[in-house]
Amino acid sequence: MARYVVRRLIQAIPIIVGISIIAFFIVYSAPGDPFDRFRSNKVSPEVIANLRRVYGLDQPLPIQFVKWFTAFWSFPFDNTAWGFSITDGLPVRDKIFERIPSTLQLMGTSLILTIIIAIPVGILGAVKQYSIADKVIAVITTIGYALPTFWLGIILRQIFAQQLDLFPLFGKYTFGKEGDILDLLWHLALPAMTITIVGVAGWSRYMRASMLEVLRADYIRTAKAKGLASSRVIFKHALRNALIPIVTLLGLTIPTLLAGAAITEAVFSWPGLGYLGVSAVTERDYPVVLAFAMIGGAMVIIGNLLADILYAVVDPRIKY
Amino acid sequence: MEGTQVTRIPGGAIPAVDEVDLTPVRTYWQLVRQRFVRHRLAVIAFFLMAILVTAAIAIPLLSGDAWKETSLERINQPASLTAPLGYDSLGINTFARLMKGLQTSLFIGFAAVLVIVFIGVTVGSTAGYFGGWVDNALMRVVDIVLSIPTFFLILMLVAFWGTGNVWVIIIAIGLTGWTTAARLVRAEFLSLREADFVQAAKALGAGDRRVVMRHMIPSAMAPVVVAATLGIADSVVVEAALSFLGFGITPPEASLGNMLTKAQDYFYRNPLLAWYPGITLVLVVLAASFLGDGLRDALDPRQRVETN
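Sequences listed follow chains A and B, in order.
For the first sequence, the positions run -2 to 317 when the numbering used here is used.
For the second sequence, the positions run 119 to 426 when the numbering used here is used.
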């Protein structure tokens, strides 16, 4: 297993290099530059030229790339490794790290709620296949799956925040109540609900399919033939194996945890990583955009690796 | 193919009538249609998609500039026969604008899918046909593209290379979305390469180009058509999200996404404004996904997934 992980990490190196080249050139060779919006007759061209020099934008692209790429990897020791934000001059690494807790709070809550709801729903659909309950679940999850996440967010906000006034419109804390856990949960409710609804729609369908597959197996028929109670067959014999693909799904969800909910975060102005990424694109904050793309890419690679490792851990039939 | 075998009697004797399978011979496309029609939701989805496409083409054509014509007298006028959804805060006919937005969204959705199919088939068939280092190199490119979070990649491309430009949006979605199609075509090609009819074509002296274009690609298209249909749903949602964030189609042009953005400013006076483009979007997504499911069962029964 250790050798497998090492081999996979070595294979990841060219991918990371590829991602950094693509991301760098999409961003830096784009027409215009971040300082265009400062250009006016009140700002002298020397000031702009100076800014471009400070951020290294006056150098040839390949040199900028090599400088950026080599400095990038010292981030564990050096908070300036990812450069400085063009918007406020703060070190990019600090700006990004400071957003991680918010994203983890939102995504962690949504993921836990999704699992708690989706697994029983999926089991119910599979065990009572073709029943009224199964059909109702199928209709709801199909529609839920078709809902664009950001639109669902807008509608939930419109109903629960604007019309019923039960939850706040946006943000993480009420002004002056920073650190209050109840206030945090109150702000968390709507964005978490948005991500959970879409998540449950997908996960429960997956769970149902996986459970149906297992329920057809011979050993389930044997267990039933032995006269075991059906609850025991379902929860003791079937569920364990039906959960194997779900564990893989967990690994594949990790990248979306950090970057995928960007639009939901943007709808609710939730101060997480995704919102930072979207605002950085809006503001043409090149160093932040690049760091965000790199983190996103790393998350995909780590998530895939984790999915494969978890798969081997939960299923002894799989060996690498 | 069942139903096509005829009992043959050695020696060329005329078979007795009761020994002949009288089931009519069905062509591939008849079988496809038969399997598709059996999928009730897919048939409904087909008609829904047909209605959406027709409305998106015909209504903006018939109503002219109604989708952008402002008028002081009509501001916030309620629904009427010519404006089933009333008028907005600028006096624009909401229904006419919705249909124009649907037109933009569907155009981007279909065009992006064409780009996806073009790149995917080119890359996938090259990799699958030549194999070896070509295959290896192309599949590493697929890995790299798959490893950058898709929406963020599209966002970067559109924001930095042409905010509000329809063609940039289409190309951005195309450049990021082709990996699935490429993998599907490559997998088909790996098995087709060894198929008898391909070997026969080669033995008859057909060049690489002819073998690939005339013999292999048509046989590899079924899974691509399915993936492309499902891809319409994704592309339409991506466009809406881009426009919602302000990078996609910008007013005065209409798109479902920028209608949603605008609805945010009027949520107290007219909360329904956020529902119209959203529901239209959901209808497009549902139609495309059920159509895709139906096509999968019809064109490519091997891929069939147990859904119920």
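Note that these hints are calculated values from the structure, not bench results.
Careful, some of the hints might be misleading.
Unchecked claim - Derived Cβ-Cβ restraints for the label pairs, each shown as a range:
1. B:168 <-> A:29: 54 to 60 Å
2. A:210 <-> B:228: 45 to 51 Å
3. A:163 <-> B:161: 39 to 45 Å
4. B:187 <-> A:244: 53 to 59 Å
5. B:281 <-> A:91: 24 to 30 Å
6. A:236 <-> B:240: 40 to 46 Å
Here the structure is a predicted model, which is why all the values come from computation and not from measurement.
Ideal Cβ placement from N, Cα and C applies to all residues, glycine included.
So, going through the hints one by one against the coordinates:
Between residue 168 of chain B and residue 29 of chain A the beta carbons are some 42 Å apart, a value that contradicts the proposed interval 54 to 60 Å. Between residue 210 of chain A and residue 228 of chain B the Cβ separation comes to about 35 Å, which falls outside the hinted range of 45 to 51 Å. Roughly 42 Å separates the CB atoms of residue 163 of chain A and residue 161 of chain B, a value that falls within the hinted 39 to 45 Å. Taken as a hint, the range 53 to 59 Å holds for the pair residue 187 of chain B and residue 244 of chain A, whose Cβ atoms sit roughly 56 Å apart.
Distance hint for residue 281 of chain B and residue 91 of chain A: a CB-CB separation of about 29 Å, consistent with the stated range 24 to 30 Å. One distance hint, 40 to 46 Å for the beta-carbon pair residue 236 of chain A and residue 240 of chain B, holds here, with the actual separation near 45 Å.
The structure is inconsistent with the numbered hints 1 and 2, although it conforms to all the rest.
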